[in-house]
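Please build the complex by placing chains B, C and D with the ligands on the supplied structure of chain A, with the hints as guidance.
Protein chains in written order, with our numbering: chain A, 244 to 531; chain B, 244 to 531; chain C, 76 to 642; chain D, 76 to 642.
It is possible that part of the hints are untrue.
[Said to hold, decoys possible] List of simulated lysine-lysine pairs, DSSO-like, C-alpha gap at most 30 angstroms:
hint	chain 1	residue 1	chain 2	residue 2
1	D	Lys229	D	Lys77
2	A	Lys483	B	Lys501
3	D	Lys260	C	Lys615
[Unchecked claim] Covered stretches of chain B, going by a simulated chain C footprint (3 or more residues, C-beta under 8 angstroms):
hint	segment
4	276 to 285
5	289 to 298
6	332 to 340
7	444 to 455
8	505 to 514
FYI, nobody ran anything at the bench for these hints, they're computed from the structure.
Beta carbons are placed, not taken as given, at the ideal position from N, Cα and C, and that holds for glycine.
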Amino acid sequence: MNIHDFKSTDEIAWCPGCGNFGILGALELALKKSGLSGNQVLLVSGIGQAAKTPHYIKANCFNGLHGRALPVAVAAKMANRNLTVIVTTGDGDCYGEGGNHFLHNIRRNVDITVIVHDNQIYGLTKGQASPTTDPGFVTKVQTDGSLLQPFHPLQTALAAGAGFIARGFSGEKNHLSELLLEAINYRGFALIDVLQPCVSFNKKNTFQWYSERVYKVNEDVAYDSSDKEQAFRKSGEWGKRIPIGIIYREEKATYEDKSGLNNREPLVDMDIENSDIHKALHHYAILT
Amino acid sequence: MNIHDFKSTDEIAWCPGCGNFGILGALELALKKSGLSGNQVLLVSGIGQAAKTPHYIKANCFNGLHGRALPVAVAAKMANRNLTVIVTTGDGDCYGEGGNHFLHNIRRNVDITVIVHDNQIYGLTKGQASPTTDPGFVTKVQTDGSLLQPFHPLQTALAAGAGFIARGFSGEKNHLSELLLEAINYRGFALIDVLQPCVSFNKKNTFQWYSERVYKVNEDVAYDSSDKEQAFRKSGEWGKRIPIGIIYREEKATYEDKSGLNNREPLVDMDIENSDIHKALHHYAILT
Amino acid sequence: MKEELTIRIAGEAGQGLATIGSSLCIIVKKAGFNLFANQDYMSRIRGGNNFFQIRISAKPVSAIKEKIDILIPLDKESIGLHKKDCSDDSLILADVKHYGIEKPDDSIIDIPFFEISSGNNTYINTAAIGCLGGMMDIDFVLIENVLKTAFEKKGETIVQKNIHIAKTGYEYGKKLQKAGDIRIKPSTAKEELLLNGNEAIALGAMKAGMKFYCAYPMTPSTSIMNTIAHFAHDYGILVEQAEDEIAAVNMAIGASAAGVRSMTGTSGGGFALMQEGISLAGMTETPVVIVDSQRPGPATGFPTRTEQGDLNFVIHAGHGDFAKAVFCPGTIEECFSLTIKAFHIADKYQIPVIIMTDQHLADSIRNTPVFDHEKISIQSYRIPKNESLSIKDYKRYRLTDNGISPRAVFSWIDDVIYTDSDEHTEEGHITESEETRNVMVEKRFFKRYKELEKEIIPPSYFNTENADILFLGFGSTHNVLKEVCESLKEENTGYIHLSQVWPFPKDQLIPLIKDKRIYTVENNAGAQLAGLISRETGIKPEGSILKYDGRPFSVDLLKREIMRRIK
Amino acid sequence: MKEELTIRIAGEAGQGLATIGSSLCIIVKKAGFNLFANQDYMSRIRGGNNFFQIRISAKPVSAIKEKIDILIPLDKESIGLHKKDCSDDSLILADVKHYGIEKPDDSIIDIPFFEISSGNNTYINTAAIGCLGGMMDIDFVLIENVLKTAFEKKGETIVQKNIHIAKTGYEYGKKLQKAGDIRIKPSTAKEELLLNGNEAIALGAMKAGMKFYCAYPMTPSTSIMNTIAHFAHDYGILVEQAEDEIAAVNMAIGASAAGVRSMTGTSGGGFALMQEGISLAGMTETPVVIVDSQRPGPATGFPTRTEQGDLNFVIHAGHGDFAKAVFCPGTIEECFSLTIKAFHIADKYQIPVIIMTDQHLADSIRNTPVFDHEKISIQSYRIPKNESLSIKDYKRYRLTDNGISPRAVFSWIDDVIYTDSDEHTEEGHITESEETRNVMVEKRFFKRYKELEKEIIPPSYFNTENADILFLGFGSTHNVLKEVCESLKEENTGYIHLSQVWPFPKDQLIPLIKDKRIYTVENNAGAQLAGLISRETGIKPEGSILKYDGRPFSVDLLKREIMRRIK
Ligand SMILES: Cc1ncc(C[n+]2csc(CCOP(=O)(O)OP(=O)(O)O)c2C)c(N)n1
Ligand SMILES: Cc1ncc(C[n+]2csc(CCOP(=O)(O)OP(=O)(O)O)c2C)c(N)n1
Ligand code: SF4
Ligand code: SF4
Ligand SMILES: [Mg+2]
Ligand SMILES: [Mg+2]
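Just chain A, with the same shape it has in the complex (with noise of 0.2 angstroms):
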């Protein structure tokens, strides 16, 4: 009873309205295409409204602390290689809380696959301001509007080695989709970030906003995604034009590679029963 339709019967516990639906739909049509079934699938998120899309996905699941989804999903990926792992997290949970795991983690390289749903806000919390809310944005917290400059994440995980580095706009379901399967295929951390309007709480960077901006990278004929100068400028654009598509893609060994995960038995299915620690012992052991 393989599960190839990733439907999950869980309600769903979104705004009607909220971009994230359109995430959810891009995500499941890529996983449907990946050919992949549910059990081979582990989605880990953190906490937020888009941490809980792995309940509204039938695969496997690990919805763990605010912030902390990074590390659980790279373990459980050096844990069983088998699975493609896949992290579904928020702005906030990914950039703001969990930033320290994304620098780390970039420098990790572990095949994984990052979805952060950019809503520009936090959500679920009701409205503060995130790592990357447009500087002045109002809020009950920041009631003079936001003071920090916005965080950057493309182009910040392009300084920080990331070898996969894709933005993609929720109103754009088939687009998405499509990014989502090269970022499932790609061999390495793959970060997508995905704008999402927050009908609730994003009042300025709306559905209609992000629509009238965003283009296709790819379309621009210029585009060659593997330079690396050129992907700095292109993720630095943010203003009346915000590319989507893929910004930088560079092939490179992963951790899995370099640490020999791949030339082995996964972890998980090793033998833990009869350890053998002769040889251990003997390196301290002393005969009188």
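Leaving out everything else, chains B, C and D with the ligands in the frame of chain A:
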């Protein structure tokens, strides 16, 4: 009895020959030149060899937790904007345990100076890989050599939006002290990553190794430190040649400017003994 | 006329329950009644099912009742979901046709809310308020005024429309007075505050001279930050949202080390992340006030519900031995006054102080006499600026008889100040000496606790002398315990409530409980207070009345549970 | 001939104390003696003053003595610093000329170490070892062999040079036998292990089938990671250094959730950062083993020294109520066996298990009988791969009688598995239901503890029946308690040692301590064990013998303190 020589009498616990001595000397020099007196300066650090620095300088000191120098430093500055706040931290302290504060305090852009003693190793805990350790470097934990891609502090700081980004070398004391003075005088978050040989645990990136590679970026006539794309390229250089000097510099509004802190009485000087909360209570008062 | 009435308005998240609820609170208060309003909501923004419940009474009240007298369902689903909390006498006000209720039973009173609202769902709230007002015989002018203020910003047309609809609902309500007389005896008129526990904590912090608040959003603590942010300009406070809770606590410590009273607030998971920082405050002797607004754990748990499960975690917060104090206000008034005390103790003894509250106390609104704020005097324990320049040879950790070193402010004194998280000398430099360690432990731990014991808040109690059996609680159970035990005075019961759990008020408690049968009443599974009492007093409670389903005790449930213990 | 001897070698960090120390341990062990070696070092890499101390005895020993018999100072400063720990009979072996000692007193025996070392400071260690060997009459072949192994990598010339210098030192030592006879009765020969507590923990983890170790470096836990990394290839273990301790614990949980036995290790400050993760393990019912290798707090404290100050912090780790177990090995053997048990309990009951050790136990080396590892059988509690495919309708949190749900492995079963940190249904989906909450608390907390109580490790004890007065300890004080109390048997004293502090072995302890005078012996300021005993047994200790200067109890100090309590 204002203190202008910044000479502490605390016994120095570093190894003989350590690169930290050069940084300490350069910092003392910069502080002397700054015309500040010790009681106006606050040195904040976390834990590590680098983080012991504040004890060796006669200025105010908050030597806090491993990885947590930045939050303490920026908050102290917010509380008392008359202080010149300087963080002395290590590559592990700042980019490892403290990575999230690094990212978000760049966004916050409080006027502080951050000196990272970058020995590409965890010194105090006896030589494990740090975020900046070169790939393949063997330690007792990384027995097959470090597998993670190294962290690029300057490039990442650039992408994250830092306005003052520099690299120094502890072997170039005068050059370094000039950099430090510029950083101290810069309004905003100033990062100086300082190449610092660890004679005890880093037998690869030695004094000689660095000496053979470093060159001053401003000797390069074509170098314009206000050009972000050029800075991206320059900050990516790491190999045969390693640039030192100011890699990027941009004048912009600080947190204190934007929050209004600069136009008001410092928090620390406010009267706390006579808070009159009539107005706030009135908000909740209902007359039957 | 009735003594009291419990009204529940239930519907989806996003149907404006909080708005209708708070308008109703103001109307009811203005009409001269006492009230206690609590919220029950899910961890989602739209949909699901939430409720706002208001208990209205001639006498002051501050706990919930189990059964509701009037249910106003804002959708059909709410009828089924809340039926279980209705009694035989309950009235359900519902638009039978609009909700498509097929066989309305006797308890349902059909009111054409949809029609009253001219066929516009968004006005049903207003129609319901009007109707309730009519049933309760509240002067319509009060309702009119509240609606005016509430809709002022939306323009005159909207205001008039609301008033019109409320009036129509009001007339319906008047007619219904016969169906169930829900008029309540009026109370005496006076100016009072209408606010919840978190707002009271925020007010306390402002009164105490806090100038720096730094936190990461987390339910149910966020409204402290919202409230402080709202008044930040008025009181010159800097509110900063941190990137995570570790930053929040370290920033609060940093600002405090620089001489500014500062605070942070969070809930269990965030409090967990602050452990190392709390230990840092202990070691560096930096005052800091931290609010743990509890919700049910472990881990993410029930984000919007209530529990008292962090007691042990909070009193043992931070690795190593150092002094701290933990307050747990039981009333809105205590939320205010103990926050002020928290700053006082933190500053005077240079220690971390934790205020433990929970979702129930944090979010529940009641009318409270205006705080006696003018009589409160705040004292700063820093070396004052004008005395600072004469300070010579300053040592941050100077040894003194009582363990407290005078605290100077960076840049106010001429000398420099060393602050250190390692074991340190009087000067604040790192040391490896065992002798210095011994005197520093003495200073931070033994001497500090000796001082703190002098300032312990004694437990409050009722009928302890005459009672055979006593019920003990801490924090938010105060009100329900009080109401129940006062009503059971004749049964030889009494109660004791702790507003401070650390240092534990053992000397004050032992005489009260010695030779009595005691039970604890706790909103947790671990009977944590019972354990604490055993450890600290050597007296073992006979048992505990525990509730850990994420909901507060109702007066009725607690009464039944207490009666079972008495028999 | 003597029964025993304590030798201390003292000098700066970087003078190779650990190397000389461990060579000496091997030589002494090979010569047929028992030994206990502990390290005292500063939080720095070079300079300062550290020592390596070895107690050599005919009988097994595992605690330190207060006074040293032989001091070998590697620099002049060490003479002054360690004089206080010498008795009138102590010998100090020093190169009077080389150190420029002006008026050597009687205790100083002048040995021209510098000259023996051909004027090369780096060989002084070797000269000292040779000299000690000669004094103790150890067969030189043993010394030669150890030096060969130690310097093998540096080439034959260096090996020969060392052997030559050792031999010259040896001859000096032989001549000194008259000055102070330090020969010890030999012991019986057998194969034994020579290792410290952390190495034993690492071996236990390997035996238990741990395949994933993830940690952030922190003294004194780092050597667990080093040891596991050393053997990682042999046992197919993945060792990963995390970016911080929050990542470390969440990674351990992630790997475990995916079906792999995993562990992390840290010290107080890092353990503080793991609190939320521990709570997550509790909520998601994910097995995980965490080592807290204690050092003195609060905050950074004394990074390289010892304390037992985290007891309360550890047993109350994590917000909310959930089941956990805490072991605190007292011996090197227990470091091994309780680590295996920790994995067993974690896996069987799907809970976090914490192993509490401390710097003293972690870093001290002793000879220990070879672990009986072949008899230990390890059982995995996952649904085995070959049974997995027949699993239908899997529910991660299926309700069962004992609260334990069968644990399936992702991808092994056909069905999917939902794991959740919010309150959840049997399927693992988020819920808001109060009924579900109640059964889940029942499952995670009440039923789990019921099961765990069945597996509690009973306290070990000595002379409890006859003694009037008992001394109680936990963790690393086991050995010193044992040695002292056994020597005081005639004084009607006994001891009890706890290797498990949570769930607390109250049923086993009460009969032992009832009607006795009891004292606790603790390496902390807070008398935390005493409080725990009061709370859990209702029996209040009369007092506590506390040491909190960062150094372990010596046999002599504890004996004096105990004698004071007896009188
Ligand atoms: C340790 C901790 N801190 C804070 C929270 C409260 N919290 C839950 S979700 C959230 C923000 C979520 O924002 P984001 O990740 O952008 O998700 P969104 O709801 O916008 O999809 C916060 C702060 C928590 N659950 N745990
Ligand atoms: C929470 C916590 N984790 C770990 C440690 C242990 N620790 C102390 S210093 C250090 C690494 C220091 O490396 P770095 O910052 O590069 O400083 P360096 O010693 O190299 O100058 C670590 C891991 C600690 N003190 N606190
Ligand atoms: S609050 Fe915003 S992000 Fe959350 S479900 Fe609603 S619309 Fe979506
Ligand atoms: S260990 Fe390295 S960084 Fe630390 S003091 Fe020694 S040489 Fe310097
Ligand atoms: Mg968001
Ligand atoms: Mg370093």
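So, going through the hints one by one against the coordinates:
1. Lys229(D) with Lys77(D): violated, 37 angstroms
2. Lys483(A) with Lys501(B): holds, 24 angstroms
3. Lys260(D) with Lys615(C): violated, 54 angstroms
4. 276 to 285: holds (count 4)
5. 289 to 298: holds (count 4)
6. 332 to 340: With 0 residues closer than 8 angstroms to chain C, the segment 332 to 340 of chain B misses the three-residue bar; violated.
7. 444 to 455: violated (count 0)
8. 505 to 514: Contact hint for the segment 505 to 514 of chain B vs chain C: holds, 7 residues under 8 angstroms.
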